[in-house]
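> Chain order of the listed sequences is A and F.
Sequential numbering from 2 applies to the first sequence in this note's numbering.
Sequential numbering from 2 applies to the second sequence in this note's numbering.
Everything labelled a hint here was simulated from the structure, so no lab data went into it.
Distance condition first, Cα-Cα at most 20 Å in a straight line; then the derived EDC-like pairs of lysine to aspartate or glutamate: (1) A/K51 <-> F/E171; (2) F/K50 <-> F/E246; (3) F/K244 <-> F/D72; (4) A/K51 <-> F/D176; (5) F/K248 <-> F/E45; (6) F/K85 <-> A/E256; (7) A/K191 <-> A/E95; (8) F/K244 <-> F/D98; (9) F/K125 <-> F/E218; (10) F/K55 <-> F/E45; (11) F/K55 <-> F/D252; (12) A/K51 <-> A/E256; (13) F/K95 <-> A/E256; (14) F/K172 <-> A/E61; (15) F/K94 <-> A/E256; (16) A/K231 <-> F/D176; (17) F/K272 <-> F/E222; (18) F/K124 <-> F/E218; (19) F/K172 <-> A/E256; (20) F/K100 <-> F/D252; (21) A/K106 <-> A/D165; (22) F/K100 <-> F/D72; (23) F/K116 <-> F/E218; (24) F/K272 <-> F/E258; (25) F/K85 <-> A/E61.
Bear in mind that the values here come from a model prediction, so they are computed numbers and not experimental data.
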Amino acid sequence: MGITDKIYKYIFMVIAFSSFIFLTGIIIVLFKEGLPVLSSTGIFSFLFGKSWYPTATPPEFGIFPLIMGSLIVTLGAMVVAVPVGIGSALYIHEIAGEKQKMFLKPVVELLGAIPSIIFGFFGMVIVAPFLQNLFNLSTGQCAFTGALILGVMAIPVLCSIAEDALSVVPKSYREASFALGANRWQTLWKVIMPAAGSGVSTAIILGISRVMGETMTVLLVTGGAAMMPKSIFDPVRPMTSTIAAEMGEAAVGGEHYHALFAIGLVLFLITLLMNMIAEYISRKYRMKLGMDV
Amino acid sequence: MRIKNIVLAAAISLGLGALAGAETGTLVVDGSSTLLPVAQATAEAYMDKNPGIKITVRGGGSGIGIASLQDSTCDIADSSRPIKASEISVALKKGVDPKPSVVALDGIAVVVNPKNGVTGLTKKQVKGIYTGGISDWAQVGGTAGKIIVVSRDTSSGTYEAFGALAMDGEKMRPDALLQAASQAVATTVSKTPGAIGYVGIGYISDTVKALNINEVECKKETVWNNTYPYARPLFMYTNGKPKGEAKKFIDFVVSAEGQKIVEEQGFVPLKKQK
Chain A
2 MGITDKIYKY IFMVIAFSSF IFLTGIIIVL FKEGLPVLSS TGIFSFLFGK SWYPTATPPE
62 FGIFPLIMGS LIVTLGAMVV AVPVGIGSAL YIHEIAGEKQ KMFLKPVVEL LGAIPSIIFG
122 FFGMVIVAPF LQNLFNLSTG QCAFTGALIL GVMAIPVLCS IAEDALSVVP KSYREASFAL
182 GANRWQTLWK VIMPAAGSGV STAIILGISR VMGETMTVLL VTGGAAMMPK SIFDPVRPMT
242 STIAAEMGEA AVGGEHYHAL FAIGLVLFLI TLLMNMIAEY ISRKYRMKLG MDV
Chain F
2 MRIKNIVLAA AISLGLGALA GAETGTLVVD GSSTLLPVAQ ATAEAYMDKN PGIKITVRGG
62 GSGIGIASLQ DSTCDIADSS RPIKASEISV ALKKGVDPKP SVVALDGIAV VVNPKNGVTG
122 LTKKQVKGIY TGGISDWAQV GGTAGKIIVV SRDTSSGTYE AFGALAMDGE KMRPDALLQA
182 ASQAVATTVS KTPGAIGYVG IGYISDTVKA LNINEVECKK ETVWNNTYPY ARPLFMYTNG
242 KPKGEAKKFI DFVVSAEGQK IVEEQGFVPL KKQK
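So here's chain A without its partners, still in its complex pose (with noise of 0.2 Å):
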């Protein structure tokens, strides 16, 4: 090997490690600043507690109601957004026309690049009347709302990933099927779904790190009241607007600066195990077909 080329290799080397780097660095901070307030209030009272009232004298600390409003708004997205993003992907990848894949595959593309703000105004300022009118709600600002909007915000995620993962599937799997005299739906859902099966899992999961992680949307139309959700029409406070909406104001080093960097660590830890479960089901999927794992 040339001396350039050794230079570039090290080069390519320490930018792709500085990946690394960066996640070690806030998994580091994530649990040096998120620990204290682990062990001042106690694991199980920080994760289980029904009260969040993080400046109230003496303040509680339990994030109960912030994971389930997190997870109340995402499993609603996922309802929205599964259906339409996977459906969307089968009929762009295996039925449109050239012309309307042309016309539908910017169309989605665009839809993703809305910024997060707009969908959050749009949802505070005309969805949330609409909904609190049409239902007969107190307010329509409400996880319903929320997971309304975050699913709509998913479909381009889950449609271009779903969509990638179509394309990988041989063409000969197609051919096989159609010459033992399937049609064009049992192609599709017998055999391209399955061989597709790990990219639309891996698409659905990152729909569900998408939704999760999302916070301008959840802070403009889920109301944003920290209590234990009844129903889908209660408002909700997901774990991302807490942090959002409190940081900015809490004392630095304090307890309840600790604990919103301990609701992060929370946050990353289910999107952790979320990306290991992705993985695990791809290669399981992958097994099957007999792919190279």
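Since the structure of chain A is already known, use the hints to place chain F on it.
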């Protein structure tokens, strides 16, 4: 090529930033988002009058402002609440001694939807509504219907001021809708018939109706003569008593000219302007 340009631009701006930081005529103002428009507008007016001075104004929150004062990364920390004892002790450990200057006043108006027939509440009723004892408009002389309680986030300076003034420091009911900004409170109240919220005096408009509290209207005269119960001062904190450029700037903010800007931005000036 494009990346090169971006890198170059970043390097130049970093370099310029470092140069600007070395000059004596610079001031960094950081902190409260409530005070941000006042700090921004007064800084612009001050820089027009003193072209040699460069003032950087940042927002983000009272806590952030005080944290950067503790770390000496700003000269003036805007705060919509008094500094906490814990923040003072952290500052002292770092050799910083935060001192307040009151630069403006604010009346916190209790607002309802214009369709609401209620025109006034007592302090006791407001406390009952926000702490959870009162949940229906019929209990306070309105037409029956659930009260939708809207509040600022519990960590905002506005909430802390309101919590101390209106709720005697008691806990807020857990089902209150928490909004990240005063404008969001005003918007929610204007769109929700049964809602009640509280906002700075500057946010009173045709779309939200301010209630009389103990039969006193929220306006600057009642803030001045101390009859309106929910009034608060807004602060600029400095390391020690203001001196040098910081003193000149704060003097400008509290001058007649600066206070005119304070009023234009929707706050209550410190004293009656002639």
